[in-house]
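Got chain Z sorted already, so can you dock chain L onto it with the hints?
Chains as they are written, first to last, in my numbering: chain Z, 1 to 225; chain L, 1 to 783.
No wet-lab data here; the hints were simulated from the structure.
Check before you lean on any hint, since a few could be wrong.
Said to hold, decoys possible - In silico DSS-like cross-links for lysine-lysine, where the CA-CA straight-line distance does not exceed 27 Å:
| id | chain 1 | residue 1 | chain 2 | residue 2 |
| --- | --- | --- | --- | --- |
| 1 | L | K3 | Z | K119 |
| 2 | L | K630 | L | K464 |
| 3 | Z | K161 | L | K309 |
| 4 | L | K3 | Z | K159 |
| 5 | L | K309 | Z | K119 |
| 6 | Z | K159 | L | K7 |
| 7 | L | K309 | Z | K159 |
| 8 | Z | K119 | L | K7 |
| 9 | Z | K76 | L | K309 |
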Amino acid sequence: MIKVNQLEKVYRTEEIETVALNNISFDIREGEFVAIMGPSGCGKSTLLNIIGLLDDMDGGSFMFNGVDVSKFNERKRAEMRKHNIGFVFQSFNLIDELTVYENVELPLIYTGVSSSERKRIVDEVLDKIQIAHRRNHYPQQLSGGQQQRVAVARAVVNKPKLILADEPTGNLDSRNGSEVMQLLTDLNEQGTTIVMVTHSEHDSRYTHRIINMLDGQIVTQNIRL
Amino acid sequence: MFKNYLKIAFRQLLRNKTFSVINILGLAIGMSAFMLLALWVHNELSYDRYHSKKERIYELWNKSIWSGKLECWNVTPVVAAPTLRQHFPEIEAVTHVDWPNERFLSVGDKKLSARGNMVDPEFLSMFDFPLISGNINTVFKDPHSILLTPELAEKIFGHEDPVGKVIRIDNEYGVTVTGLINTPPNNTRFQFEYLMPWSLHEELNGQDNNWGNNSTHTYVLLKEHASIDNLQVKVKDLRRNYARDSDPYDMFLYPMERWRLYSSFKDGVESGGKIELVTLFGIVAGFILLIACINFMNLSTARSEKRAKEVGIRKTVGAMRSSLVKQFLGETTLLAFISFVLAIIIVQISMPAYNELCMKRLFVPYSSPVFWVLCIAFILLTGLLAGFYPAFYLSSFNPVGVLKGTFRKVGALVTPRKVLVVLQFVFAIVLITSTIIVRQQIRYVSERQVGYNKDRLVYHFLSKDLDKNYHALRQEIIAADLATSVTKTSSPLTEGWSDSWGFVWEGKDPNDKTDFDRFCADEHIVKTAGLQLLSGRDFDLQQFPTDSDAIIINESAAKAMGFKDPVGKIVKDGDVPLHVIGVIRDFILNSPYHPTKPIIIEGARGWFNVVNIRLNPQVSNLAPLEAIFKKYNPEFPCNLYYVDEQYARKFDDMNRMATLATLFASLTIFISCLGLFGLSAYMAENRIKEIGVRRVLGASVMNITSMLSVGFLRLVFIAFIVAAPLAWWLTGSWLKDFPYHIALRWWFFALAGILATLIALFTVSFQALKAARSNPVKSLRTE
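In isolation and in its complexed conformation, chain Z is listed as follows (with noise of 0.2 Å):
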C-alpha cells in the first residue's frame, strides 16, 4: 500500500538546516498494523505526516496505493487524503464548537455524503464505538479517553483504507489507552491498514511490525511474531 524509497526531509531556518528524514525506505502492506518508534525529535512524527500527506517532502518517492503522491499539489493532496486517510492525534483534535456527532460528520461533509446518509453512517459508527450516548456533547463535557474515541470515530467515518495514528494513547490513562488500542486493533482486524507512532512499549504489542528510528533514520525494523 506505502512504498517509501530514499524519503528525505530537511527544515531550514536562515541559520540552520536540520535534516529531519535521512534516506528512508520502507513499506506497508495493506491490512499491516505498524508501530514508528524511536526517542523525541527522531523524524518518526514528520513521516507520519508526510505518508498522512500533511507536508511536503524534500527528496525521494511516495507511491500510495500505487500512485507516486510525492508530486501532488496540495488541492490533490486534500483529495486523496479525505477518501483513503484517516487521523488520530494525540490530543484528540476535537472542534470545541461542534458536537460529538458533528465532529465525527465532518469529514463526511467534505466528501460530499448527503445529510440522510450522513446521519445513518455516524450513528452506526457512533455505536460501534460506543459513544453514541455522548452524541450531543462537546468535546470539553468528555473525559479524554472518550475524546479520543469521537477522534478514532471521525478517523474511520470515511472507511478510509489507511489510519495514521501519532501517540493516540499519550494523553490517556493505561485504562482509556487499552481501550483506545484495542479499538485500532478491531480496526485493522477489520482491514484497515493501521500506522501508530508510538513511545510505549505496550502499545507497540498490539502492532504487527515495528520500526525503529534515531536521528531521522531508520535503524531496524522488527517484526512481531
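Relative to the frame of chain Z, chain L by itself:
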C-alpha cells in the same frame, strides 16, 4: 456544508461574546454612518433628475466681467423669457420663476404665511409637478388664480374642497384656487407650497422690459432634436441683439443635470461646486466603513491562534483551502448581516436628528425593491471586504504546525495588521485635525469685528401699512421709551440686496468696474446701527433736509474712489448727484468670511423694506413693541428679528459642517478604539506566559503595562507622521476658499496627535493593566 458553517459561525459568536460585541457594534456603527452619508449623497445626486424632460431643460445665465473677474450668474431680466419665446424656434417652452416669496394668505379668520412662486403656465408642462386637480391648460388662465399643495390646502380649508375658493394675499388682492398640485419632493430646487401665474406678477408690477434689471430666473425647454450647440451660439448674443442699450453681457443656457452639483463658476468656467462636498462625503462614508471592516480583519487575524486548530483539523479531514475561504467569508457575511440589522435600527433612530442637522427630509426607502437589492449587495460587499483578508490568512495555515501546537507567528516589523491600525488612525487624526481647524475658523470669523453694534437691535419688514404709518410708528416707539433710535433701511443690516459698479465720481477711471454694495437708510443710521463714524456726520433730515440726497460711505469705498477727504465730494448714482456727508469704519454687510466691500449708504431718497429699532437698555419684553406694530399693521402678525440672531445664522452652514466633522471624527475614533480594545485584549492574552515570567522575575505592574502599550502607541505615532502633512494639505486647501481665514498653526496638528494618543493609550492600557495585574501563577499554569 453551509449548515455546518452557519452552526460554527453562530457558536463562535456566542462563545466569544466580547469579540462578537466589538465586531458587530463596530461594524453596525460603521454601516449606519455609511448609510446616513449614502442617503445624503444619493439625495444630492438625485436632485431634479426625476423630470422626464430633464435632458431638454436649461436655465438662462449671464456671463460678464465684474470687478475685474469673469463672473457667471443666473438672475436674468424679465424680458428675456418673452424674447426667447418669440425669436427662437428651437425652444418649445419658456417660464419665469420669481424668487420664492413668503406671502401672507388669509381666508376669513384663517391667516398664515406660505412660501411659493409666480410662474408661467409652461412651468407645469416643462417640469414633473403633476396636478392633483384642475386642468393644466386652464388653471393659470385667470391672473388671479392659485394652485395649492394638498398640505397647504388642508391648513387653510381643512377637509373642504378648496377649488373655487378665494384666498386674500398680503391683504392686497384676492386669488381663486384653481387646482391642487403635488408637493415637490425634497430633491428639487423648486420648493413651493403654492404657485401663482406670472400674469399676476405683470398685473401687480407692470411689464418690465428693462434688460438692465436682472430680477428673475428664466427656464427653457428645447424642442426635441433641437441642437443646443446652435442655440448656445445665438443665446450668447441675446443681449447684444435684442437689448442694444443694455450692458453687453454674454448669456448661455445651463443644463438641468449640472444645476445642483456643478453650478460654481470661476473665471467663466465650472469650478467645483457641491460635487466637491458630495465627493468628500462619499470618501468619508467609504473610509468609515473601511475602518469598521479593518477592525474585523484585525480581530480575526489576531484570533488566528484560537482558530488555527480548527483550520488544521478541517484540512486534515479533507477540507480544501477554497472551502475554508468560503467558510470564513460566510462567517463575516453573517456578521455583516447582523450588523446591518442593527445599523438599520440605528439609522432609523438617528434619522430625525440627522435630518435636522442636514436640513433635509431624508428617509429610508423601505418600499423600494432597488433599496433591498442594494442592501443585499452592501451586506455581501461588507462581508467580503471585512472577511477576505482573514479568510485567506486563516485558510493558509499549515495543518502540521497548528495541530502540533508549534504554530506561533513571530512578530514581524511590518505586518498587515499594523498597517491597518496605522491606516485607521491616519484617518482618525485627519478628521480630528479637520474638526479642530473648522471650529477654529468659525471662532475666528465669529469674533471678527462686525463694524456695528448688533446687541439689542431688532428689525421688522415694512408692509404697505407700516410704510404708510412709519412716522407715527416711529414716534410712538420713541415716546413709549422702548427705543433710543429708529431708522428705515433698504435691507436688514445682515444682508446687502443691491450692488452696482455704475457709481461715478470725479477722477474715476472709465475702465474702473469696482462693485459697490448699495444700502439705503433714511436717518440716524449711524446712531441706530451703532456704526463707527470716522469723519463727517450721520443723516439728519430735521437739520439738513438735503440729506435725502446725501450718502455715507465706508472707508473701503473712500479708498476705492481715491478720496483723501471724502466729506463734501459728489458721487453720482446713474444721473443723480449725491454728496458725501460722512465716512464710517468698514462693517460686514454680507459674508463674514470675505473682506468687507466698498459700501455706499444712500439717504432718504432710496427705497425701504425694513424698520430697525435700537432697543432701550431697560426694555426686557418685546410685547409693548409688538402691540405698537399690531396697531399700525393690524392685518399681519408682528415678526421682530434680532440682528445678532440673524448674524449668527451666517454661521449655520459652517456650524453644521463642524458638527458633522465632530460626529464623524468621534465615530471614527470610537470604531478605531473599539478595534484597538479588542486587539490589545488578544495581544495581552497571547503574551500571558511572558507576562507571568516577567512578573515572577520582578517586573512591576507599571513595567508590564508600558511594555504592552508602547507597541500600539508606536503605531499611533506613525499614523500621526502620515496624517499631519495630509491634514495640513487638506485643511489648507479648504481654508483657501475663505479670503478671511485663520493661519494653520502647528499646535492644531499636535493637539490632534495628542488627543488620538491619549484616547489610544486609555483604550490599550485598560487591557494592559488587566493583564499586568493578573496572578502570574495562574498565567504560567495556562501554558
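Could you tell me which of the numbered hints above are not met by this structure, giving the numbers in increasing order?
Violated hints: none at all, because every hint is consistent with the structure.
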